[in-house]
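Asks: Model the placement of chain B on the given structure of chain A, informed by the hints.
There are 2 protein chains.
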Amino acid sequence: MSELPAGSVIGIVGGGQLGRMLSVAASRLGFRCHIFEPSENPPAGQVAEYVTTAAYDDHDALRKFAESVDVITYEFENIPTEALDVLQALRPIRPGREALRVSQDRLIEKGFLQDLGLKTAPFADITDAASLEAALAEIGAPAILKTRRFGYDGKGQARIMTPDDAAGALADMAGAPAILEGFVNFTHEVSVIAARGLNGEVVCFDPGENVHEGGILRTTTVPANLTPMQRMDAGLLAGKILNALDYVGVMGVELFVTPQGLIVNEVAPRVHNSGHWTQNGCTTDQFEQHIRAVVGWPLGEGQRYADVVMENLIGDDLDKLPGYAKEPNTAIHLYGKADVKAGRKMGHVNRIVKD
Amino acid sequence: MSELPAGSVIGIVGGGQLGRMLSVAASRLGFRCHIFEPSENPPAGQVAEYVTTAAYDDHDALRKFAESVDVITYEFENIPTEALDVLQALRPIRPGREALRVSQDRLIEKGFLQDLGLKTAPFADITDAASLEAALAEIGAPAILKTRRFGYDGKGQARIMTPDDAAGALADMAGAPAILEGFVNFTHEVSVIAARGLNGEVVCFDPGENVHEGGILRTTTVPANLTPMQRMDAGLLAGKILNALDYVGVMGVELFVTPQGLIVNEVAPRVHNSGHWTQNGCTTDQFEQHIRAVVGWPLGEGQRYADVVMENLIGDDLDKLPGYAKEPNTAIHLYGKADVKAGRKMGHVNRIVKD
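Chains as they are written, first to last, in this note's numbering: chain A, 1 to 355; chain B, 1001 to 1355.
Extracted from the complex, chain A is given alone in its bound form (with noise of 0.2 Å):
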């Protein structure tokens, strides 16, 4: 049935919350892991079997990863694509490079967006005060300006209320190449995490609605609040953009609900945060489905069996917990992070609204 035997090894790439329930996932599987991490006592450490504490250009680290491992994915996607060439000569790296070439940065991701025929925001890119000037012009304010590259929670972007602000806020790009995209009027903003099998079947859980506060997500609530029709199409959009991309895993993209129907905002080719309610509404969760396409498995089913709101423990929320433990129904996760900062992911719970 798979690809690779039981007691195989995964290597994923990055130590965070994400890589700790992957590996979790895929101990369950019967399968070990390797996580390769540049900081010391990441929070995937504690519950994999081994640990490489190295720096993404320490490429003698990342060869002998790769070679005590039978495959390799990741929990993010700004991987350095020097390191992924290293990784890649020795095993195969599932989601493929093309997935990371294209979410890694935003100009390439929209145009292939558009290029299969899906509604994105209007954007424009951006190399100097010029070229902003002229997008602004045909695209109006407000908008948003954002780096091409390594953008995520809000960190990389700025906002372009009037004209005014458009030094200020290509400063604040410090150089990196950028786009600007036009804001959209969207009613609310939910996601569709999809997944794509070795073999090449496709499975969406349930779209999720997020709600974000400060750029970082706080919660998702499903069922989302969708038309049949508008639900439909995001399964089949998800599903368009896996088959583009040859496309093995968990896939993360985020929509905004419009009047005029879906627009994609974003993809993110991994597990994705909007999609933690799976682990106590469905009976495969979304990392146990990205292990199964990443080694080969069949795919679980993506039914829901309860609706459910997820809610993430940033920063002091943790000193929220006494109660929460205390909650019927509310099941709690957390990260193992030792230090407790101001927008830093420490945990999240599933509350079951109704069975």
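Please keep in mind that the hints were generated in silico from the structure rather than gathered at the bench. Accuracy of the hints is not assured; some may be wrong.
No more than 20 Å apart at the CA atoms, straight line, and that leaves these computed lysine to any residue pairs for SDA-like [claimed, not checked]: (1) 345(A) / 1063(B); (2) 354(A) / 1329(B); (3) 1326(B) / 320(A); (4) 326(A) / 1201(B); (5) 1326(B) / 304(A); (6) 1354(B) / 1303(B); (7) 1320(B) / 296(A); (8) 1341(B) / 6(A); (9) 1320(B) / 4(A); (10) 155(A) / 107(A); (11) 1354(B) / 306(A); (12) 320(A) / 309(A); (13) 326(A) / 1341(B).
Predicted model only: the values in this text are computed from it and were never measured.
Replies: For chain B alone, kept in the frame of chain A given last:
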């Protein structure tokens, strides 16, 4: 809330599948685990942060282990008394020594249960051929001769169908202290997985109905075939046992269902194979429940949200995996054991038969 702060280390004695699943549950609540296990490469070691490989008579290793953790629990009850003495001098052991003393010895356990007013099979202390003959005269055949200590999964047991079998059965005990138990005329076996918190609160999971083959648990089905009165009785008697032992943690109580009421077969002072269904039928499963008790968290509620059939994967049952992986509503749990052996528990599946 918790007696132990997040990030505290839980020492787990025993590195098999129960220790493995306890370790995963502990990590979900933000705790780290240290496994103590005599065998090399224990299943729990693949998912725990620390592993000590040493014998139970290695007192130095036991001391170092105890000093490195904040609290100690265990996955099996047959820990040598001297090892427990070493550990207890340094850190709290939960569940406590009294539960181990009682459950390590079938004769003491039966007496304890009778003192609580609970029903057990008729039994007698067997020290030699004469006491066996006398016991058979009183209890009658068929009966079953068991070693008082260190029996599990049908080991250390011999059936006596007629008095002629007595000598052979006694020889099978190889001189170990033994107990004769009369056969109970039961319709089926159920077990209650119950938990008691550090503050004395008691929570029971819904009883499961067990089917054994060759002395090894084959399936557990919830709901069990019980009247509402029997279900209530099961919970009440489990609570009685927990309170009498001032117990902290999860306990498995095996019960025979007879027309004359519930008869207690055996008590296991730990998470129990017949409670594995809780992983896919409850928000807080038996492993997390045990960890919550051990660290002093409030217990989760035991409410069941689905009908589940748990099936053990024993030996080459693993060959069925490709088919099982394709089944909807089937959760697979493998233990990461390298060698497949006849009678060895390799994993289990939880089939959700009704949400």
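Asks: Hint by hint, note whether the structure agrees.
Replies: Against the structure, the hints:
1. 345(A) / 1063(B): Answer violated: residue 345(A) to residue 1063(B) is near 36 Å, above 20 Å.
2. 354(A) / 1329(B): The given pair, whose Cα atoms are some 18 Å apart, holds under the 20 Å limit.
3. 1326(B) / 320(A): violated, 40 Å
4. 326(A) / 1201(B): The hint holds at about 12 Å.
5. 1326(B) / 304(A): holds, 17 Å
6. 1354(B) / 1303(B): holds, 15 Å
7. 1320(B) / 296(A): holds, 17 Å
8. 1341(B) / 6(A): holds, 15 Å
9. 1320(B) / 4(A): Measuring from Cα to Cα gives roughly 16 Å; hence the hint holds.
10. 155(A) / 107(A): holds, 16 Å
11. 1354(B) / 306(A): Holds - the C-alpha atoms of residue 306(A) and residue 1354(B) are around 13 Å apart, at most 20 Å.
12. 320(A) / 309(A): holds, 16 Å
13. 326(A) / 1341(B): violated, 42 Å
In this structure, the hints that do not hold are numbers 1, 3 and 13, in rising order.
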